[in-house]
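Residue numbers (my numbering), protein chains in the order written: chain A, 5 to 252; chain P, 182 to 379; chain F, 101 to 333.
Hints are computed from structural coordinates only; laboratory data are not their basis. Keep in mind it's a predicted model, so treat the numbers as computed, not measured. Heads up, a few of these hints could be off.
Claimed, not checked - Covered stretches of chain P (chain F as the covering partner; in silico rule of three or more C-beta atoms under 8 Å from a C-beta of chain F): (1) 232–238; (2) 242–250; (3) 354–361.
C-beta: ideal position from N, C-alpha, C; glycine also.
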Amino acid sequence: MQRMWTFIHKLGSPPWFFAFSGTLVRWLLPVTVLLLALGACWGLLVAPPDFRQGNSYRIIYIHVPAAVVALAGYYVMAIAGAISLIWRIKMADVAMRAAAPVGAVLTGIALVTGAIWGKPTWGAWWVWDARITSMLILFFLYLGVVALFEAYENKAAAAKACAVLTLVGTVNIPIIYKSVDWWYSLHQPASLKFTGESAIDASMLYPLLVMIAAFYLLFAVSVLLYMRAELVWQHRNASWLRQRLGTS
Amino acid sequence: MALLAAAEVAIERGERRLLHGVNLSVDSGQVWQVLGANGVGKSSLLRALAGLARLGVEGSISRFEPLLYLAHAPAIKGALSPFENLRCHPACDIISTRAQIELALQAVQLRGFEDQPVGSLSAGQQRRVALARLLLSDARLWLLDEPFTALDRSGCEWLEECVRRHVGAGGAVIFTSHQPSRFGELQQDLDLAHYAVS
Amino acid sequence: MLSADRPHLSLLAAFGRQFRRHGQALMASLAEVANPLLFFFMVVTLFPLGLGPDPTQLAAMAPGVLWVVALLASLMVSARMFASDFEDGSLEQMALAAHPLAVLALGEVVAHWLATGFLLALVSPLFALMLGLPSQGLGVLVVSLLLGTLCLTLIGAVGSALTVSIRRGGLLLSLLIIPLNVPVLIFGTAAVTEAVRGGDPSTWLALMGALAAGMLALVPLAVGAALRISLDS
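Just chain A, with the same shape it has in the complex (with noise of 0.2 Å):
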């Protein structure tokens, strides 16, 4: 116990964190691009093809995996708000500040892929489906974050401000997506079912699994990141910095 809380004050260091981050990142990014490769050679060539969609089905394995840590991220940022809010740990502002563009592309990036896996499965770009529908709506969740940090000038407040509003969405974001499910079986037209849903066959599953554990160490590298790159801006004079980066 005793050693957690140290380990958690140091990571409320910069200095120390930027340190700590910098060896995290060395060993995961090779790690995420090998994943990454793996998961997508598999997925794309030796996985067999679907016996109804053919080939187009394999965009789920950029498409699965952006959307489940989009979703995963939006509970990331807002345990970070919280713990800003609680223990005013300013990197934990930094981290929420850093994960909310990171999940806004991921949102966009399985809203892109959704279209154009919707093309050849249901005729058209964009069909109101429940699922692509609470995609969207997090979407502009995390727009909504993203744009309220950039509108107030000062930027303690600002992370204290979009804290508040990830919590209130994350305790939204349940009964949105309750709520779209409802909407959708209310009004689901029959000729519209959604496909690889029930069983999927185990060649199939094992390269998607791969790829989302690599999609969630890509969002980990990438918060990681942007949270160096934010500190190296907000610290751009200190001197601990000027040491590690070996600039004087």
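For chain A, the structure is supplied; the task is to place chains P and F on it using the hints.
Chains P and F only, in chain A's frame:
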């Protein structure tokens, strides 16, 4: 007894540090005037002392609550009458009777204006409505940001008298003003030029 | 010193006082109260012009149209919810009060809702008739709007509290609160549609009631925190 104690207070605005190393202990019976050029951080310091500003404020500040803080923006609704404004003032948590409020309005020479909208009064009269709050509060510590602005001579004299009476009864006042030494011997100065970060 | 022995306000009285103060200030300007109703009226007029006058088509779309317009009207008025209090210094004084800022802010929010959403719900049957909403849906429309506008106002209060210190925060406010308003819109239209079909809308109304109750409990805390941040920026 100290009504307010500030130790090693530093204030940042945006990314710029305005003040550092401010130490202040205010006892009952004291009047403090915060001095300094425009933009040095007088209002920021007062907001920090009141507890409204926390981000960008370092050091420790302890205060005796409730306190009364009078800002540039006087928290007066133009659509309401002076009477309603004072009775429903958001920071005041004691209940005053109609007679007590009328007495306070009389003291600031607003007798006869009790029930017309504040928006139709002059700037100086609106200021007087805000100042009438001093008579209706039980706060011991007053933080007044530029209280003499927009007041005529009789208004200034009334306010000086009001402050003297408050500290005479065991209260304390911190105020900002450009005019030096309003209260002569009675007051002490906090010149922010000594604490400004160059 | 004059007043050391006077009685202190209870929490409920502080809530009531803030409610009255905000309500009186709102009532003093007729425009603040009339604007959302006028907006509602005008936007409802646009739909037949855009979609054509076919009564069956309009009636089919009426629940959704009425609810979307109500949402937009509430969005429009939310932007100003705390603006005047921020500008005239009332918010600072509320933050310094002995009572929790969340409770005082809730007083203002409730006053705001009565002057906007509540009135809008009461007059909504008029607009519903103009769009040809079948009469069995009218009662449910009013009830759903009463509960729903309360939710919309509470969410709007969070958005308003977060953006009150930002210049030109209006557009940002829409981005912040439209996604959060989605469940209210879905429950509201579903209830009215169900009633028009002759079904039982009570599930949807119950969901909306639960949402309103939950928000009444939690939202003031977020509003209080957001207002303090806005004062400190």
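Verification of the supplied hints:
With a threshold of 8 Å between beta carbons, the proposed coverage of the region 232–238 of chain P by chain F holds, since 5 of its residues qualify and at least three are required. For a cut-off of 8 Å, the count of residues in the region 242–250 of chain P with a CB near a CB of chain F stands at 4, and the three-residue condition holds. Counting residues of the region 354–361 of chain P whose CB lies closer than 8 Å to any CB of chain F gives 0, so the stated coverage by that chain is violated, three being the minimum.
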